[in-house]
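Engineer: Residue numbers (our numbering), protein chains in the order written: chain C, 1 to 119; chain Z, 120 to 276.
I should point out that these hints are in silico values taken from the structure, not numbers from a laboratory.
Just the calculated beta-carbon pair ranges, DEER-fashion:
| no. | chain 1 | residue 1 | chain 2 | residue 2 | range |
| --- | --- | --- | --- | --- | --- |
| 1 | C | S69 | Z | L179 | 17 to 23 angstroms |
| 2 | Z | G125 | C | L65 | 23 to 29 angstroms |
| 3 | C | L102 | Z | K220 | 35 to 41 angstroms |
| 4 | Z | W185 | C | A93 | 29 to 35 angstroms |
| 5 | Z | A132 | C | A63 | 16 to 22 angstroms |
| 6 | C | L99 | Z | V150 | 47 to 53 angstroms |
| 7 | Z | R176 | C | T96 | 32 to 38 angstroms |
| 8 | C | V81 | Z | K220 | 20 to 26 angstroms |
| 9 | C | L99 | Z | D222 | 23 to 29 angstroms |
| 10 | Z | M195 | C | V37 | 22 to 28 angstroms |
Here are the simulated lysine to aspartate or glutamate pairs, EDC-like style, with alpha carbons at most 20 angstroms apart:
| no. | chain 1 | residue 1 | chain 2 | residue 2 |
| --- | --- | --- | --- | --- |
| 11 | Z | K192 | Z | D261 |
| 12 | C | K106 | Z | D261 |
| 13 | Z | K192 | C | D48 |
| 14 | Z | K220 | Z | E242 |
| 15 | C | K106 | Z | D259 |
| 16 | C | K106 | Z | E242 |
| 17 | C | K106 | Z | E255 |
| 18 | Z | K220 | Z | D168 |
To be clear about the criterion: a stretch of chain C counts as covered by chain Z if any three or more of its residues have a C-beta under 8 angstroms from a C-beta of chain Z, and this derived list gives those stretches:
| no. | region |
| --- | --- |
| 19 | 28-37 |
| 20 | 44-50 |
| 21 | 61-74 |
| 22 | 78-91 |
Glycine residues also receive a C-beta, built at the ideal position from the N, C-alpha and C atoms.
Listed below are the residues making up each chain.
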Amino acid sequence: MDITLDLIRDIASGISFAVGLAFLLIGALGMIRLPDVWARVHAAGIIDTIGAELIVFGMILQAGLTQASLKLLLIGLFLFVTSPTATHAVANAAFTAGLRPLNLRKNQSADVLGRETKS
Amino acid sequence: MAKAIGLSVALFALWLTLSGFFKPFLLMLGVLSCLLTLYLAFRMKLLDDEAVPIQLRPALLLYWGWLGGEIFKSAMAVSRIIVAREMALHQQLIAVPAAQKTDMGHVIFANSITLTPGTVTIETRPGLFLVHALTESAADADGFAEMGRRVAEIEAR
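Chain Z with its partners taken away, still in its complex shape (with noise of 0.2 angstroms):
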């Protein structure tokens, strides 16, 4: 139930949003819109943790903040290596414990790790990632251990 009220409130955000019109007319046909996608939804039985992720903390936005920071200084690391006239790669494939324990968890560990520029997740496997990092400075095991511990905090409430 907690689903169906979290999705019909995201749908209806979107569509004013979107559209932007107060009109009484179109606004109801707004809210029949949003019903009719949440009976396609309910329907395909797709009112769970995964398409209605309200289960997270709402912390996850300073998560998303702290996450901020983290891309723009690995972004540098990285812009640093590039202009150099020497680039100095250290390429290499490493393994990296997710100790999440949902599977929303893990997808946010692993978007994380490759959203920052320096690393990119290439395999799962159930609690652990093959990651591949351009440096040695971006394969720092205790920089994705923080990163893990973070998500770990916002995956469930």
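Excised from the complex, chain C in its bound form (with noise of 0.2 angstroms):
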């Protein structure tokens, strides 16, 4: 009964890890291909959302219940709250300085500034 739990854990940690690895794969993929920091800043999402919880996922499944899966969780969650905050505080820099997407579709940042802004 033992070996097959075990079994099961370590082809669900091993799907994890290799799903992750394929988007960190694809993301460092994009952070080269992608044409500007507007576009390459998704790329970089996949990255820190996605691959690094995929990644810490499989080590969870790994630790089993021990305290160091407890804090892999807390790891997890840290990550879930502070790269997204990263992330804009990126965006926000890039929009205050002026950069602006590469063959932009739409633009209604004057909706929201209140004001005329550089295209």
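From the two separate chains plus the hints, produce the assembled complex.
Structural biologist: Set out below in structure tokens:
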């Protein structure tokens, strides 16, 4: 019984690692391929949300019901809260510095800011 | 008072998780350090909705589960664009209405938008967010409305 449970756990964490790794690689590829900072922010978003979380989840499955998995859960929680904050800080700084996306299809920034901004 | 109790419980749970020791002497030190932190937080007037968000509904956990599914779906969509031979980018800056009542609700909604690959919150004004979307499908107004409605449900008891 224990052996089968261990096997299921290994398979589940293996899948989690593999999918997470695929997302990390695609995110890294996106960092290189995408044309400007605005598009690259989204590639970084793939890495630091789903890539990192799936790797942490796989490690939690491996650690089982121990103190280590609680600590990993905390790491996942902090990543979940801090990574969008950091992404927002980068995007907001780029916007304030006057960078604008390439080939912008629709721009409603004047609606939000209440003034004309350069496009 | 409820905020103080909530913060002490959370602090002590954190202390236990990080230390893992159950000797009486060390436990006592842990309790003392939690009480000292609680006193400092009280003196700094930090016992509010922002630092101790116990006003959020427990359904927040269900919302995180739903958000995880959304993150996976949009991560797949963005990955498909990155690996495509011709990257189909339709970058746009769109205004998204945020109907949440509290600051915490706004923060959760803005962070949820940023967590979802393909959309990033850039700037906020009361009741309105400026969001950068990578593609036409990421900028779906119905999707934002659905997420905003779910956040409004969990923001306050």
